[in-house]
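Asks: Generate the whole structure from the sequences, applying the supplied hints.
Protein chains in written order, with our numbering: chain V, 238 to 581; chain P, 238 to 581; chain C, 238 to 581; chain Y, 238 to 581.
Hints may contain errors.
Since the list can't tell identical chains apart, any single copy or any two copies may satisfy a pair.
What the hints assert, rightly or not - Dumping the calculated EDC-like pairs for lysine to aspartate or glutamate here, alpha-carbon to alpha-carbon at most 20 Å:
1. 518 - 561
2. 314 - 377
3. 518 - 342
4. 405 - 291
5. 239 - 571
6. 445 - 558
7. 314 - 342
8. 518 - 486
9. 314 - 261
10. 314 - 252
11. 518 - 285
12. 239 - 558
13. 580 - 449
None of these hints come from the bench; they were simulated from the model.
One-letter residues, chain by chain:
There are 4 protein chains.
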Amino acid sequence: MKALVFGGPGEKAWDSVPDPGIQEPTDVIVSVDTTTICGTDLHILKGDVPAVTEGRILGHEAVGTVVETGAAVSSLKKGDRVLVPAITSCGRCGPCKSGMAAHCEAVGGIGWIFGHLIDGVQAQFARVPYAETSVHLVPEGVSDEQVLFLADILPTGFEIGVLNGRVKPGDSVAVVGAGPVGLAAMMTAQIAGAGKIIAVDLAESRLKHALDFGATHTVQGDADNEILAIAPGGVDVAIEAVGVPETFDLCTRVVRAGGTVANIGVHGAPTTLHLEELWIKNITITTGLVSGSTVPTLLQLVRDGRIDAEQLGTHHFALADIMDAYDVFAAAGENDALKVVLKS
Amino acid sequence: MKALVFGGPGEKAWDSVPDPGIQEPTDVIVSVDTTTICGTDLHILKGDVPAVTEGRILGHEAVGTVVETGAAVSSLKKGDRVLVPAITSCGRCGPCKSGMAAHCEAVGGIGWIFGHLIDGVQAQFARVPYAETSVHLVPEGVSDEQVLFLADILPTGFEIGVLNGRVKPGDSVAVVGAGPVGLAAMMTAQIAGAGKIIAVDLAESRLKHALDFGATHTVQGDADNEILAIAPGGVDVAIEAVGVPETFDLCTRVVRAGGTVANIGVHGAPTTLHLEELWIKNITITTGLVSGSTVPTLLQLVRDGRIDAEQLGTHHFALADIMDAYDVFAAAGENDALKVVLKS
Amino acid sequence: MKALVFGGPGEKAWDSVPDPGIQEPTDVIVSVDTTTICGTDLHILKGDVPAVTEGRILGHEAVGTVVETGAAVSSLKKGDRVLVPAITSCGRCGPCKSGMAAHCEAVGGIGWIFGHLIDGVQAQFARVPYAETSVHLVPEGVSDEQVLFLADILPTGFEIGVLNGRVKPGDSVAVVGAGPVGLAAMMTAQIAGAGKIIAVDLAESRLKHALDFGATHTVQGDADNEILAIAPGGVDVAIEAVGVPETFDLCTRVVRAGGTVANIGVHGAPTTLHLEELWIKNITITTGLVSGSTVPTLLQLVRDGRIDAEQLGTHHFALADIMDAYDVFAAAGENDALKVVLKS
Amino acid sequence: MKALVFGGPGEKAWDSVPDPGIQEPTDVIVSVDTTTICGTDLHILKGDVPAVTEGRILGHEAVGTVVETGAAVSSLKKGDRVLVPAITSCGRCGPCKSGMAAHCEAVGGIGWIFGHLIDGVQAQFARVPYAETSVHLVPEGVSDEQVLFLADILPTGFEIGVLNGRVKPGDSVAVVGAGPVGLAAMMTAQIAGAGKIIAVDLAESRLKHALDFGATHTVQGDADNEILAIAPGGVDVAIEAVGVPETFDLCTRVVRAGGTVANIGVHGAPTTLHLEELWIKNITITTGLVSGSTVPTLLQLVRDGRIDAEQLGTHHFALADIMDAYDVFAAAGENDALKVVLKS
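Replies: Put into C-alpha cells, the structure is as follows:
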C-alpha cells in the first residue's frame, strides 16, 4: 500500500510500504477512506517529537472501513464504517475505566499512539489496536466529512476547553487562539450555552473564521482591556488554545474571581504563575490531553444537526496528493486554511 | 391605589385599596410597571389554594420601579428598575444560603408569598419584603417584556426542568406539556445543548408554538411509541409539565435507563410509581418549586441575545384592563394565548 | 466438578456437573476459592425469578484463581487471584463506557448474568465472560474474606445508596432496613462523612449489628417521629433498603425539603407516590442496580484499612457444605446471620 | 474597652480604646468571649499587609455574645451566642449569592475585613457588619473552644483544600505543610473519606501532631520519592499549605495524571509552572480564599462528634494576656504550639 512515511526531521514521502496485518486478537484493519493532517504532524516533521522514529507512518485521525477483524472482535465486522480517533483505549485499565483514555496504561500511559508510537492513518490501510473500545461506528446518513474532525480536534476543544472549563449557560468565555482547536472550543462552547464567546487572536483572517464558529466578539489588539470591556470583572472561562507563556498568562489575568482557565495549548516551555496574585482569586486551572469520551455525544450532536463539524475542512485533496495537502496546511495562514480533507 | 383583589372562590375585582407602606426596614415599595397572570392565579380563583384569603391582592410576577426604601436597604434606591420575582428570599436562612429560596424559612418555609400569604403585584404599587436579597436590577437597554417572564416561568422551566433534569449537550429531552412552563423548559433545554427536544401535547396549537421555542419534534398521539421512535431506548431526560398522574407515568416509561424524570407539574393527587419495574432502571426523579437562583444567568442570556423571553407574551393589555386580561388568559386555548402582558 | 444446581422452585442440589470451558476469546475460567449466598438466590429458589431455568448453577459473588484464559485475554494470566463481581461488563457498549455496566448491552441490557442467565460461581470452577473488563485483581496481603463482599453488597450500598443519595460530610442519613445491604450503606455512608446515620428496622438484632457498621442512632418503633426527633426538619438522605411500599413511602416522608431518597430495595409491587405533597418539596428520588464502578475505590479503602468488609461474614462453611450454609442463611434472623462465607 | 491595637510594623499594644457602636442597621455589637491569633496577624505585624493602618484593632476569629442589634436585624437578638467568622458576607451581591463570600462586593471585593479594613475581634467588643448573613448561632451544648476554629482555619482547610481538591472516598491525599491550616485540611480530608493522608513537613514536631489529625503517613525528607512510594503513580490530591514556590512545585510533581493540586498557601512570590510537562497531564489546580460556606456543615460535624476542632487549641490565655499569647504563638515551633485560645 501507499502511506505518508516520516523520514526524520524535515523529511516525508508518499511511499510504498507493506500492508498492515492483524497482530493482536483485539485489532482490526481498516481501509482509510478519509483522513486529515494535524498541527502535531507538522511538529513531528520539525523533529519536535523525538519518540517518532524514521519510517513511521504519520496521522491519527481517520474515517475508514473495517476490512479484517482479530479473533476477539465481536462487535465490529467487515464492512463497518468507523471513526478512528486519535486516542487508543484498551477499555480495561484504570484510566480507561474512569473515562481518561488519554492515559491508557495498556498503550504506555499516553493514549495517543497512532503516527507516534505505532503506524498511523495517513495511509491506504491501518491497523487499529483495541478496536472495539476505541473506534465509533459512523451512523448511516452521516458523511465522512461530518465526523472526521471528531477524531481529535472537536473532542479536544469540547473536553479540554469547554468541559474542563465548566462552561455553563450564560457564561462569558474567552478563547485565546482562533486556530482549528480554538474554533472547536468556540463551536462547542456555544452548544454548552455560553452567552458571550470572545475570540482572541492576532490574525484578522482567523478572527473572521471565528465568527462562523460561534464567536460573539473578536479581540485583536490590547487583549486585556478589550476583554474586560466586554466582560467587566473578567470572563467566567478563559480557554488557552495557543501554547505559549504569554497567552496562558493573559488567561489568568482576564479570568474573573471564581472562574476557570482551561489550557488546551501544547506548551514547550514553562510559564510564570503569579501565585502572589492568584492565591486569593479562587480560580481553577486545568490541563489535559483529549480522551475522546465525548465522541458519542458529539456524534449525536452532528446527527441532530446541532454541530456542523464539516465547516472545519476548508481544503480538499485526494489521499494520493497528501504531499500537496501538507504544503497547503503548513502555510495555513497564507492559504486561509483551517483543516484539509484527504479522501482515498 | 387600584389592585386586583380576590373576593373568595370565583370572585375578583379591580378595586380601590390603600397604598402599601414600608413595614420592615428590609422592605421596598415598587410602582408596578408591568405584570402578568399565572396559571396559579386561576387555581386561586377556583378556590384550590385555601391559604389565599378574601381581600388578598393577587399576582407574583412584576417589573417595577422602586419608590421607597426601608431603613436597612442600602443597595437599592428610589428610581431603580427591578424585576420582582415570584419567590421571596431572606438571604440569611439555611435554605436561602444554599440557593433554595423556594423553602425560605423567614417567610414560612415556602418562598412564594406574593398574592398568596401577602398582597401581590397585580396592583399599582406593591410592598416587597427582603427586597435586597429578592429583586434583581433590570439592566439598561432591556425592556420590561424581555425580563417579565424571568419572574417565575422561565426560571421554573430552567431550574426545575432543565437543571434538575441535568440536561447536557447532545441529550434527547421530552417535554410533556407544551403550556407556558413547558415552553420555558424547551427554550432553556436548547440553551443547555439538548440535541433533540420532543414536545408532547394533545393540543395542536400548543405544539405549533413549541416549534418556536426550540422543539425539534412534536408528538400528539401515541406518545410512548412516537417518543421511542424518535429516541430509541428512551430519552435522556423527561420533563413533566402538566401535573396529572398519566403524564408523570408516561415520563417514567419513556426515560432511558440512567435517565432523569424532572417533574415541574403542580399535582393535586398521588400517582402510582411502578417501582417493580423502576427499581432496576437507574433513574432519577426530581420535584421542586422554583428558587430563582438562575435569574442572574437568565438575565445575562437575555442581554446576550440568546433568549427571547418576550415571545411568551402573546396578548397585551393596560393594567387597568386586567379583568379583560383574565378572561383572555382563562380561555388561553381558544385565544391561542400563552401569557398576557399588563402595563401600567 | 461440583456445583450448586437449581432444580426448579424449591429445589437445589450440590451436584456433579461438567467443568466449564472457554467459549469466547474474552473468557477466563476461575477456580472458585471463596463465595457467598445472596438474598437473590433465595428469591430464585422460591421461583420469583423466572428467567432462571432448571439446571442453572447459582451464585454471583466470588474470589477465585484464574486457571485458563481465552485467546484475547492479555492482562490476566493463570494464577491471578481475582474478585469476580456480580455484574459482567463488556467494556465497549455505551452503558459500560459511561460507568453503567448494570445495563451492559452486550449481555442483554442487565449486567447481572451469573447464576441468572449463565452458570454462576457457587461451584468449583466458573467461566467468566468479558473477564478483563469485569474482574478485579486482588492485591497481595488482602484476604478473600476482606474483598468477597465487594462483589455485590458493598458496591450496592455505596453506589445505589450513598452515591446516588449524594451523601456529603455532615449529612444526616436514615437507612431503612438493616439487612446486609443496609449495613453496607451505613458502612459507606460513614466513609462519605455522614454526621448522623440512623438505622431503622423492626428487628432488634439487626439494629444491634447496625451500631457496628457505623449507625449513630437506631429506630425501631414509630419511625416518622423518632427520625424527625433525631433530624429535625428531616434527614438529608433517606436510603430504602427493604423493597416494600411502606418503607419507600416512609423515606419520602422523612426526607427534608431538598433531600434525596435513594432506593436500593428490590420491589415486587408498585407504590403510591404522593406527588400532591412532593411536587413542591424539591426532592430527588433515585433507583438502580449496582454497576460495580466503585469496586476499585472500595478495594483501596480495604487496603488502607478504612473499611472492614470482612465483618459482614458471620458464618463460615466449606464450599462442599453449601447446602447447610443455605439453611443457615435462609433463617438468618434466628441464626443472627448476616452473610455466609464458603471456602473451597 | 481594651483591644489589641496595631501600631505600625513591629508595634502592638493591649490598649484602651472607645467602645464600638452600631453604624449600619445591619450591624450587631458582640462582646467577645473567646478569640485566637492567626498567622496573618503575624504578617500584619511584620508590615506585610500595607492595607492595615496604625490604630487598627487586629483579629478576625471569635465567639461572642450579641449585646446590641441594628434596626434591620430581626433574626439575631441580645444574648445570642455567635461564631464571628473571618469572612463578612453581605448576602446580596453576586459572589455572596453564589456562595463565594470571599469576594463579597459590598465590602470591597475581599470578604476578609476584620482586623484588616475595619476593627477586628481581639478586643472586648466588636462591631459586626452584615451580621445576619455573616455570623452563625452556636448551638447549646457546644463550647466556645469547639467552634472557635470554625471561624477561619477549619473551613479554609475544608473548602480550599479538601473541597477544591475534590477529595473523595478512597483518595490518597498529600498535605504539604503541617501547620494549623494543613492540619485542618487533614482533619477534614479524613471526614471526606480519604484512604491515605500523607503529611509532608520538615519539622518532626509538626508531623507528630499530624498523626493526631488524621495523617496516615508522614514524610519528612526526600518528599518526591517517599510520596510516590506510598502512592505509586502519584496522589489523587496534593494540598499546598505552605505558600512558597518549592512546595507548590512539589505538589505538581507528585499529583497523578487526572489529579488535583489545591493551593491553600498564601504566596508572596510567583512560581514557575512547568506547563511543558503538565499540559498533557490532565490536572486541575485550584486557588482560593475561604468563603465560610461550609461553616454550617462543620458545625454539624462538631455537634455530631465527628470533628474535634478543639484539639487545635494547644495554649490557653486570658484575653487580657494577649501580649503573652502573641509571644507564644510567634514562636510556635519552640513552644510546640498550634493555636492559642484567648478567653475574656
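Asks: Evaluate each hint against the coordinates.
Replies: Now for the hints, and whether the structure bears them out:
Taking the closest pair of Cα atoms, residue 518 and residue 561 never come within 20 Å of each other, the shortest separation being 49 Å inside a single copy and 34 Å across copies. Taking identical chains as interchangeable, the C-alpha atoms of residue 314 and residue 377 lie at most 20 Å apart only when both belong to the same chain, with a minimum of 16 Å there against 40 Å between chains. Only between protomers do residue 518 and residue 342 lie at most 20 Å apart by alpha-carbon distance; the minimum there is 14 Å, versus 35 Å within a single protomer. In this assembly of identical chains, the alpha carbons of residue 405 and residue 291 never lie at most 20 Å apart, being 45 Å within a copy and 44 Å across copies at closest.
Taking the shortest Cα distances, residue 239 and residue 571 never come within 20 Å of each other, neither inside one copy (29 Å) nor across copies (69 Å). In the homo-oligomer, the alpha carbons of residue 445 and residue 558 never lie at most 20 Å apart, since the shortest distance is 28 Å inside one protomer and 50 Å across protomers. Taking the shortest alpha-carbon separations for residue 314 and residue 342, only the inter-copy value of 17 Å comes in at or below 20 Å, while the best intra-copy value is 26 Å. Taking CA atoms no more than 20 Å apart as the test, residue 518 paired with residue 486 passes in both settings, with 14 Å inside one copy and 19 Å between copies.
In this homomeric assembly, residue 314 and residue 261 come within 20 Å of each other (Cα to Cα) both inside a single copy, at 16 Å, and across copies, at 16 Å. Taking identical chains as interchangeable, the C-alpha atoms of residue 314 and residue 252 are never at most 20 Å apart, the minima being 29 Å within one chain and 40 Å between chains. For the homomeric pair residue 518 and residue 285, the shortest alpha-carbon distance between copies (19 Å) is at most 20 Å, but the shortest distance inside one copy (36 Å) is not. In this homomeric assembly, residue 239 and residue 558 come within 20 Å of each other (Cα to Cα) only inside a single copy, at 11 Å, whereas the closest approach across copies is 65 Å.
Taking the closest pair of Cα atoms, residue 580 and residue 449 never come within 20 Å of each other, the shortest separation being 25 Å inside a single copy and 39 Å across copies.
Hints 1, 4, 5, 6, 10, 13 from the earlier list are contradicted by this structure; the remaining hints agree with it.
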